[in-house]
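This note's numbering applies: residue 1 is where the sequence shown begins, and numbers increase by one.
Keep in mind that the hints were calculated from the coordinates and are not lab data.
For glycine and all other residues, C-beta sits at the position ideal for the given N, C-alpha and C.
Please note that the accuracy of each hint is not assured.
Distance ranges between label pairs, derived from CB positions [stated by the list, open to error]: (1) A138 to G32: 38 to 46 Å; (2) R118 to S90: 34 to 42 Å; (3) K68 to S150: 34 to 42 Å.
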Amino acid sequence: MAPGVLGGGVRDLYVTRFVFAAAWAALLAVSGSDLTAGAKLLLFVYPAFDVVAAVVDARSARADGPVKGLYANIAVSSLAAVGVAVAGTSGVADVLRVWGAWAILSGLIQLLVGVRRRTMGGQWAMIAGGGISVPAGATFIQSASQDDPSLTALAGYATLGGIFLLVSAIRLSRSARQG
1 MAPGVLGGGV RDLYVTRFVF AAAWAALLAV SGSDLTAGAK LLLFVYPAFD
51 VVAAVVDARS ARADGPVKGL YANIAVSSLA AVGVAVAGTS GVADVLRVWG
101 AWAILSGLIQ LLVGVRRRTM GGQWAMIAGG GISVPAGATF IQSASQDDPS
151 LTALAGYATL GGIFLLVSAI RLSRSARQG
């Protein structure tokens, strides 16, 4: 596998994304469910970071790799970053609707990219994470219609996604040692 911008290819990218997701989730949990300026910034930064990660991943992907899926993820996450920024001016419910739509679309893309990469090893967690993202997104959209919608579930979503990334990184390390 060709090394990426971060110097270690997909495995190191997954570890970096895990660390980011864990830190982001902790910061969002601390900020609570109010749409403060800090919370709005966090909500924008998460999909924006996903864009950066997909760009790094696409640059390090093999020519026969899932680059089209990564480009789709770049587009979807870019729209989500803008959408969350706009929705943040309207309220928590609108943020949850945008986040939910993004979770569904990016989850499907992650699932497809993981299936395409399954021969490199370590992808079952990415496939599972993408699959779980779809119903999670639907739950966010549904929760937007509650009387007092909350952002706190997004911290759990990011944490679980980070764990899936870490598991994939560990599995990739094992695959590399065995291969």
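Structure-inconsistent hints, enumerated in ascending order: When the structure is compared with the hints, only number 1 turns out to be violated.
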